[in-house]
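Enquirer: For reference, the chains in residue letters:
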Amino acid sequence: MRSGVRVAGVVGVLLIGGAWRAPALAAQAGRISYEAFTLPNGLHVLYSEDHSTPIVSVDVWYNTGSRNERPSRSGFAHLFEHMMFEGSAHVKKGEHFQLISRAGGSENGSTAEDRTNYYETIPSNRLNLALWLEADRMRSLAITDENFHNQRETVKEERRLRVDNQPYAPAFIDGMTWPFDSAACFAYAHTVIGSMDDLNAAQLSDVQAFFDTYYAPNNATLVVVGDFRPLELRRFVNQYFSEIPRHADPSPVSCSSKLGPGTARRELTDAHANLPAVIRIYRVPPHAHPDTPALELLNVILGGGESSRLNVAVVRREKAALGTQVAMNPFDSRRGPGVLLALAIANQGVDPLKLDTLVSAQLDSLRTTGVTSEELAKAKNTFRAGFIHGRETTLGKAEELQHYDMFHASLAEINTDLDRFLAVTAEDIRRVAGKYLDPANALVILVKPAAGGGAK
Amino acid sequence: MKRAALVLLAVVSALRLSAQDSPTRPPRPLPLGPVRFPPFKEAILPNGLALVVIEHHEQPVVSVSLSFGAGAIHDPAGKEGLSDLTAEVLSKGTETRTAEQIASTIEGVGGHLSASSGDDFLTISVDALSDQVELVFELLGDVTLHATFAASELDLARTRSLSALALQLSQPGAVAQRVFTSELYGRNPYGRSPTRESYRAVTVDDVAQFAHTRLRPAGALLVVAGDVTEAQVRELVAKAFGGWRGAPPPSPALPAPATRLVSDILLVHRPGSTQANIIVGNPTTLPTDPVYYAGRIAAQVLGGGPDSRLFLILREQKSWTYGAYASLHRHRALGHWQATAEVRTDVADSALVELLHQIDRMRADVVPDSELAAAKGFLVGSFPLTIETPNQIASQVANAKLLGLGDDYLRLYRERLTAVTALQARAAAVRLFRRNALTIVVVGDGSKLYDRLKAIAPVRIIDVDDKPLTPAALNPVAAPVALDRAQFAAHSDSARVLVQGNAVGFTVSEVRRPGDSLIYAERSNLGNGAFRQQTTLVLDPADGVVRQVDQVTTQQGQTGETHLVYAAGRVKGSSSAPQPDGSVKRFDVDTALPPGTFDENAVPFVVPALPLAPGKVFAMTFFTPSENAIKVLTFKVGAPETVSVPAGTFQGFRIDATGSRVPFTMYVSTDVPRRVVKTEFAGQPFVVELVK
Chain E
94 MRSGVRVAGV VGVLLIGGAW RAPALAAQAG RISYEAFTLP NGLHVLYSED HSTPIVSVDV
154 WYNTGSRNER PSRSGFAHLF EHMMFEGSAH VKKGEHFQLI SRAGGSENGS TAEDRTNYYE
214 TIPSNRLNLA LWLEADRMRS LAITDENFHN QRETVKEERR LRVDNQPYAP AFIDGMTWPF
274 DSAACFAYAH TVIGSMDDLN AAQLSDVQAF FDTYYAPNNA TLVVVGDFRP LELRRFVNQY
334 FSEIPRHADP SPVSCSSKLG PGTARRELTD AHANLPAVIR IYRVPPHAHP DTPALELLNV
394 ILGGGESSRL NVAVVRREKA ALGTQVAMNP FDSRRGPGVL LALAIANQGV DPLKLDTLVS
454 AQLDSLRTTG VTSEELAKAK NTFRAGFIHG RETTLGKAEE LQHYDMFHAS LAEINTDLDR
514 FLAVTAEDIR RVAGKYLDPA NALVILVKPA AGGGAK
Chain G
907 MKRAALVLLA VVSALRLSAQ DSPTRPPRPL PLGPVRFPPF KEAILPNGLA LVVIEHHEQP
967 VVSVSLSFGA GAIHDPAGKE GLSDLTAEVL SKGTETRTAE QIASTIEGVG GHLSASSGDD
1027 FLTISVDALS DQVELVFELL GDVTLHATFA ASELDLARTR SLSALALQLS QPGAVAQRVF
1087 TSELYGRNPY GRSPTRESYR AVTVDDVAQF AHTRLRPAGA LLVVAGDVTE AQVRELVAKA
1147 FGGWRGAPPP SPALPAPATR LVSDILLVHR PGSTQANIIV GNPTTLPTDP VYYAGRIAAQ
1207 VLGGGPDSRL FLILREQKSW TYGAYASLHR HRALGHWQAT AEVRTDVADS ALVELLHQID
1267 RMRADVVPDS ELAAAKGFLV GSFPLTIETP NQIASQVANA KLLGLGDDYL RLYRERLTAV
1327 TALQARAAAV RLFRRNALTI VVVGDGSKLY DRLKAIAPVR IIDVDDKPLT PAALNPVAAP
1387 VALDRAQFAA HSDSARVLVQ GNAVGFTVSE VRRPGDSLIY AERSNLGNGA FRQQTTLVLD
1447 PADGVVRQVD QVTTQQGQTG ETHLVYAAGR VKGSSSAPQP DGSVKRFDVD TALPPGTFDE
1507 NAVPFVVPAL PLAPGKVFAM TFFTPSENAI KVLTFKVGAP ETVSVPAGTF QGFRIDATGS
1567 RVPFTMYVST DVPRRVVKTE FAGQPFVVEL VK
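Chains as they are written, first to last, in my numbering: chain E, 94 to 549; chain G, 907 to 1598.
To be clear, the hints were calculated from the coordinates, so they are not data collected in a lab. Remember, predicted model here, so these are calculated numbers, not experimental data. Positions of the beta carbon are idealized from the N, C-alpha and C atoms, including for glycine. Just to be clear, a hint being listed does not mean it is correct.
Calculated lysine to any residue pairs in the SDA-like style (CA-CA distance at most 25 angstroms, straight line) [as the list claims (entries may be wrong)]:
hint, chain 1, residue 1, chain 2, residue 2
1, E, Lys351, E, Asp384
2, E, Lys186, G, Ala1279
3, G, Lys1224, E, Leu132
Simulated restraints on C-beta separations [stated by the list, open to error]:
hint, chain 1, residue 1, chain 2, residue 2, range
4, G, Lys1373, E, Asp457, 43 to 51 angstroms
5, E, Asp274, G, Gln1462, 17 to 25 angstroms
6, G, Asp1487, E, Ala381, 51 to 59 angstroms
7, E, Ala381, G, Lys947, 57 to 65 angstroms
8, G, Ala1153, E, Thr465, 39 to 47 angstroms
9, E, Asp457, G, Pro1155, 48 to 56 angstroms
10, G, Arg1102, E, Asp274, 53 to 61 angstroms
11, G, Arg1317, E, Leu324, 29 to 37 angstroms
12, G, Lys1598, E, Thr465, 45 to 53 angstroms
13, E, Asp290, G, Asp1111, 53 to 61 angstroms
14, E, Leu324, G, Ala1270, 49 to 57 angstroms
15, E, Asp290, G, Leu1051, 43 to 51 angstroms
16, G, Glu1141, E, Ala516, 56 to 64 angstroms
Taking the hints into account, I'd like the entire structure generated from these sequences.
Expert: If you want it as structure tokens, here you go:
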């Protein structure tokens, strides 16, 4: 599960003076050079060389996620992600983990609303192994009753571990889906992890259908970043992937959602929580929308670090919260409408309604008086630093390439996007605060502990 | 013709050569050159500070960490949390900068500054883009040398730490780790955790004194990594830390934990847990003990990752868990190892038995060659992944130095792992995984776990606050409770029903006293007639016990009726209720009941008539006609709260009820005559509020 914060592009001359280093390093920082090609079966391939460490990251994104699920079949994309590790025509159950691990690699995958990713980072002399494994499961995943039942139980335990047995988690995922209406936008109106009932009702035939529809080369992007030779990479990709047949393009997903209509509140009793909490949820536009950079900077000013509005006002001055956090699209960016969540966990003895009043006062101040020039500079500098750190590793770069390929109009924005952020003005931030943090767009969840918790 | 055939042949053969088939077995490795641990510069400065500089010029970033032997083991007894609070307040104000100025200065340039405390060490970390390296050192020096430890900042830190402790106690993984560490280390300070009392005992003088004595250069370690040169760093250190002298008192010798003689189970009762968190382990060795390498291999085979026994068996084979792992943990002094799994409650006993069996296997059987090669393949082969960023390199160097692992450690690490034999791995398992002296902690719903765990090993029970519990306390025994007869006076209450904040209907409740009899009646109308219910309960006027229930329910055109008679310890009659899918469920009822059983429809009458007081817990038996079932409902009474409803603002006891199909919370006015002021249902957007 990764933060949706994305920073991009670089202009070395904008770095603050007094640099010890030659400008060349600063100017290059964060730039990603890449090549692209597409196989006849539709598999889109991007690659970028990085010979600084003898490792390589292989990262496959399938253009599918929880947004492709239908009612009564929530949790499917995630369950499917688990199935992808269970073996394929030439790989036995457990062998995927075994082969990567023994080669000195690490692997994982994750499911979000719009995409599912599978990645491994491995010493560079095993590039062929990583690619071969990705190709074998793309072509011939072993969808058997045994694997299905095993991973379904595993996913149910994952849900218990992350959600049902934890304080605040059920309220948080409720908050992420509440802004969306099931009829108009089922895509985002349900949770990625899915409900226990739907998981229990899933059938093996559903899994096979999901694979046939979404797990195809024409619905995937393969990214390779690291220490390899392009000619060798192209040879492997052609050899392993070109025979995989394409499937019909999946049908598009639609979501209609509007801002408004007016503040709505919900109180949830949390049997596990000891402290009250408040979650405020606002609808935000798709990632590609021109308001996104201003919203991301607003996010940093509101909730980023010790100097953020919420930390200074609510945690430090009012002493009302143990901590505060702001997140936009916490699982990953979206092509459809998204959510901005502000979470505050109350100190002992603090009434959640009072806490909410303090949080919303900070949000209101952004709308009425805007941000200071210091805050704007902080947000931009935080972005630039985050952008550089996000591209320090081969996997980080691979994910950036995937992100720009899916969520931006042009992949070339990967090296120009930072300029958009650096061009945001204080007035832009005030404007987006006014538009998206309008009380008419606010949903509020008050989380209350069960008796026996709290004031001890 | 012949030429065409030749051309055709050439084309076909060209096609064949370029469409090489994908292999049916994993492709072999390509050659890989040797990879060395990146070079770094180190020195001991005249004031005793150890300095390490890792030059890494790929990205314009720099990070600095300054570690002191000032971790939690240095907290005096009764003031656990002192090191923690000192770390927190260190960055909250110096002689020339307020807390907010420090934060806005470093974050203003996109960097971070924080301090934290572990068992052995207190570490201050600062990072930023490398063009801000001067500022980084300036701030680091300022907080280290000139922190002011204001009382107001300590108070805020303490308030937050107390809340953080409450938060921690609500998280099963955190509770498990806390209890496990305490149980395993006993009187050894590695087992201590701060408590509410110990946080409250820490004073500003304690914090200032702690910092003054322990945050001294001799024996401290400063690691700088990133786009800097050693010469630059020396200059910046001299400037920021000029005049800084002194050595801390030696770290205390840590008493050995009491020797454990049996593996028994400590069960932490966490009601409502949907999983059991299992942790198993024991103390091991000092960090420099050469058994580490064989032990590392053994831990990897047992549970290092997804290619290890615990994961493959407990998750991939048995479907019991999302993940099960084992790992060695090193401290400056005595370390430990642990295996963990979070499993669904009904297989917790089987999972524990299997986990113990796998420990037995590691000790009894030699690891097969393929698994030994697998463990080395990962631990040695993954080396290039661990040196990609300057922070990764810095953290490996810091670890080796802080644990006193020796100058050869990083250079010879892979070689030493590679040399481990299967026999050595088994010997390490025998020595390190002490099967007959394991600490075993399970956090979960004791009412479901106790009997099953008892069959594996002796079980002691505590709650999440460390208070001992008896087995009887796990299952609240339902007992009859005498009702307050003052509540039998005639009255009538109207309440409105809200769904997601919108009024959808009303409920009227009445207590009537025609003649000598006592009647409790309710009628509800929701959704303008979509749901209507009328309930009449005839109660014994002496003690309020239910004698007769008559109920008619109409839902979306379907009608159900319930007519029950309670007499001589039985309930008899019939019950039918409309279902959401349009059908009607019907039962013939004839059931024996424990003494003091009420009909569940009487809950709004019974609860206000209980002898309510904060902290009380009532467990009572109810019969639920719509499910034809007997249930124990537990009512926990909390402190009075202010509740505002249309009928006014009341002080109400908050009562949480569990045991019914949907848990609910009722607020009952503290003033007599008591009224149900508000009712909420867990996880449902459904609220009932008193109107008059």
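Enquirer: Now look at each hint and say whether the structure bears it out.
Expert: Taking the hints in turn, this is what the structure says about them:
1. E/Lys351 / E/Asp384: 15 angstroms, holds
2. E/Lys186 / G/Ala1279: 19 angstroms, holds
3. G/Lys1224 / E/Leu132: 40 angstroms, violated
4. G/Lys1373 / E/Asp457: 43 to 51 angstroms: With Cβ atoms ~44 angstroms apart, the hint holds.
5. E/Asp274 / G/Gln1462: 17 to 25 angstroms: 23 angstroms, holds
6. G/Asp1487 / E/Ala381: 51 to 59 angstroms: 43 angstroms, violated
7. E/Ala381 / G/Lys947: 57 to 65 angstroms: Between alanine 381 of chain E and lysine 947 of chain G, where Cβ atoms are some 47 angstroms apart, the hint is violated.
8. G/Ala1153 / E/Thr465: 39 to 47 angstroms: 45 angstroms, holds
9. E/Asp457 / G/Pro1155: 48 to 56 angstroms: 52 angstroms, holds
10. G/Arg1102 / E/Asp274: 53 to 61 angstroms: For aspartate 274 of chain E against arginine 1102 of chain G, whose Cβ atoms are near 45 angstroms apart, the range 53 to 61 angstroms is violated.
11. G/Arg1317 / E/Leu324: 29 to 37 angstroms: Holds, since arginine 1317 of chain G and leucine 324 of chain E (Cβ atoms, about 35 angstroms apart) stay within the stated range.
12. G/Lys1598 / E/Thr465: 45 to 53 angstroms: Given a distance of about 51 angstroms, which is inside 45 to 53 angstroms, the answer is holds.
13. E/Asp290 / G/Asp1111: 53 to 61 angstroms: Distance hint for aspartate 290 of chain E, aspartate 1111 of chain G holds at roughly 58 angstroms.
14. E/Leu324 / G/Ala1270: 49 to 57 angstroms: 52 angstroms, holds
15. E/Asp290 / G/Leu1051: 43 to 51 angstroms: Distance hint for aspartate 290 of chain E, leucine 1051 of chain G is violated at roughly 60 angstroms.
16. G/Glu1141 / E/Ala516: 56 to 64 angstroms: 37 angstroms, violated
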